Amino acid sequence: MFGVLSSWILSIAGVVSLSVVVELMLPEGSLNKYIRSVFSFLVVLVIISPLPKLVNKQVSFQDFSISQTYDAQQDYINQNNISLAVALQNDISSVIESKGYQKVVVSVSYQKNSPEFKIKAIYVELKNLVITSQAEHKNIVDIKSEILELVTKTANVKKEVVNFVG
Amino acid sequence: MKKAIFFMLFFVVLLSPVVANVCSSSQVVVYAENSLEQELEDAVSDGLDNLDINKLEEALNNSKGASDLFGGQSFLDKLKSIISGDFANDSSSVWQALLKLVFDNILSFLPIIATVIAVSILGGMVQSLKPNLNGKSIGSVIHFVTYGVVVILLFTIITHMISLTTSTINSIKQQMDGVFPILITMLTAMNGSVSVSVYQPAMALLANFIINIFSLFLMPLFLISTILSLVSNLSNNVKLDKFISFIGSLFKWVIGIVFTIFIGFASIQGITAGTVDGLSIKTAKFAIKSYIPLVGSYISDGLYIVLASSSLIKNAVGACGLILLFGSVLSPIIELVIFMLSLKLMAGIIEPLGDGKIATFVSTLSKNMTMLISMIVAVSFMYVTLTGLVMCSANII
Chain A
1 MFGVLSSWIL SIAGVVSLSV VVELMLPEGS LNKYIRSVFS FLVVLVIISP
51 LPKLVNKQVS FQDFSISQTY DAQQDYINQN NISLAVALQN DISSVIESKG
101 YQKVVVSVSY QKNSPEFKIK AIYVELKNLV ITSQAEHKNI VDIKSEILEL
151 VTKTANVKKE VVNFVG
Chain B
1001 MKKAIFFMLF FVVLLSPVVA NVCSSSQVVV YAENSLEQEL EDAVSDGLDN
1051 LDINKLEEAL NNSKGASDLF GGQSFLDKLK SIISGDFAND SSSVWQALLK
1101 LVFDNILSFL PIIATVIAVS ILGGMVQSLK PNLNGKSIGS VIHFVTYGVV
1151 VILLFTIITH MISLTTSTIN SIKQQMDGVF PILITMLTAM NGSVSVSVYQ
1201 PAMALLANFI INIFSLFLMP LFLISTILSL VSNLSNNVKL DKFISFIGSL
1251 FKWVIGIVFT IFIGFASIQG ITAGTVDGLS IKTAKFAIKS YIPLVGSYIS
1301 DGLYIVLASS SLIKNAVGAC GLILLFGSVL SPIIELVIFM LSLKLMAGII
1351 EPLGDGKIAT FVSTLSKNMT MLISMIVAVS FMYVTLTGLV MCSANII
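Quick note, the sequences are listed as chains A and B, same order.
Going by my numbering, the first residue of the first sequence is number 1, and it counts up by one from there.
Going by my numbering, the first residue of the second sequence is number 1001, and it counts up by one from there.
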């Protein structure tokens, strides 16, 4: 692209400068105006010379392709996913604790190598469960269903994602 | 009177637990906010540790104007100071640097201005004092010589201006290479998938396609226009003024179309995408808060602190990138503007005293210099708009 343009410009400038020099050198005479008109024709010819190439599509536009895209930095994303998972675990367990069920262990597993934070599964461990006086239910089935609801609401996930361990 | 005092005492006694309660609860709130702030700071500094900003530090070191504006700080230091909220309010020093830049440039262009004016006035005087024998061709030889000297003098500066513009556009491209991946990272980290899908192609388009149009198509158009205006004023016979005006309007239309379409699409799509992402984040937050009304706002903010730290880093990187851009673009633009104005001044002084064609040539050159200025301004404006859109979209708060 650049080479084509520069050669075109150089030829225009060259023809015009040549015509000026010739005009300076020529003595006055009747032949003068014919020479001038020849040079004017030459200038026009040089100016329109790239048009046929343009029509025949010989000019390449390869320089204008989009070769490079901007991707996210994977290190940051991985670290961010880890801290999101930890924060979500803490959030869920503190919500459960505020309802009166202590020592519930929550662990969040998410999809690795995915650009976004997608929760794969949430494991709730009730092995060391301590039921305080605040708690609404004493029955383990009711407790499970209440905790299930708390977890799904807090993490904004479907019920199938939540698994009870132990 | 006694009754009034009794009532006042009664009220004081009645209100004291309420007041005490309010005070203590506000203390609790303040305590909660402080700890939140601390958590947010920790999350932000963790995030900054994991971020790769070497390209931006490199771009900062390459540009002198920007490192002046940063006050010798590194990019990371400036980021941290912006995040913690202490913007150094040093606008007076910026203005002083600006004034110094302007006067330095005027002084550096003064010798060339004086020489060009002197040469062309001399040419005009010789033209009018020449002996009147076979005068026409001697006159055109004198014009040729004067014109040649003026062209050589001016083209030394114009080649400098061309390399200045090219290097400025390259440096803007380098800054884009540094800033855009970080912004994309932050949007991804905040689950702003719609925004990412809009901005990723827009950024690639701007940094490759549009920059290539500027440096491979518009820059040659400037060269063509300059050389043709040189050639066209060489003699009276071959006039290329209409062709030059064709090149000029081609330049204007290409830059206008690229600019309008890019800004239009980026802002319409970007605003929509940013709103969608912001809304989806907010609805999730709202669901939690409404479900656990009292404690929800304090307890379940851990997740949002992580998200908000990404948001803070995104906006700080955007702001820092814009300061960097401003610093690296300011001095070239001032240099170009002052050169353009001094060309106009030259043309104004030469026109009554000297050669008419030299005056036309100089004023055409000054018109061409606006092409270079508009190239730099257009690229940086598109960059500013895109960065500003990213900063505005998918915000948590």
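Fair warning: there could be bad hints in the mix.
Estimated spans, in silico, between C-beta atoms of each pair [as the list claims (entries may be wrong)]:
{"no.": "1", "chain 1": "B", "residue 1": "Lys1252", "chain 2": "A", "residue 2": "Val161", "range": "50 to 60 Å"}
{"no.": "2", "chain 1": "A", "residue 1": "Val55", "chain 2": "B", "residue 2": "Lys1344", "range": "35 to 45 Å"}
{"no.": "3", "chain 1": "B", "residue 1": "Ile1213", "chain 2": "A", "residue 2": "Pro50", "range": "36 to 46 Å"}
Hints listed in this document are in silico derivations from the structure and should not be mistaken for laboratory results.
Computed from a predicted structure; not experimentally measured.
Virtual Cβ for every residue (Gly too), placed ideally from N, Cα, C.
Just to be sure I understand the hint, the distance between the Cβ atoms of Val55 of chain A and Lys1344 of chain B should be within 35 to 45 Å; is that true here? Given a distance of about 40 Å, which is inside 35 to 45 Å, the answer is holds.
Is the distance from the Cβ of Lys1252 of chain B to the Cβ of Val161 of chain A consistent with 50 to 60 Å? 58 Å, holds
Taking 36 to 46 Å as the stated bounds, is the beta-carbon spacing between Ile1213 of chain B and Pro50 of chain A within them? Given a distance of about 19 Å, which is not inside 36 to 46 Å, the answer is violated.
Taken one by one, the earlier hints fail for this structure only at number 3.
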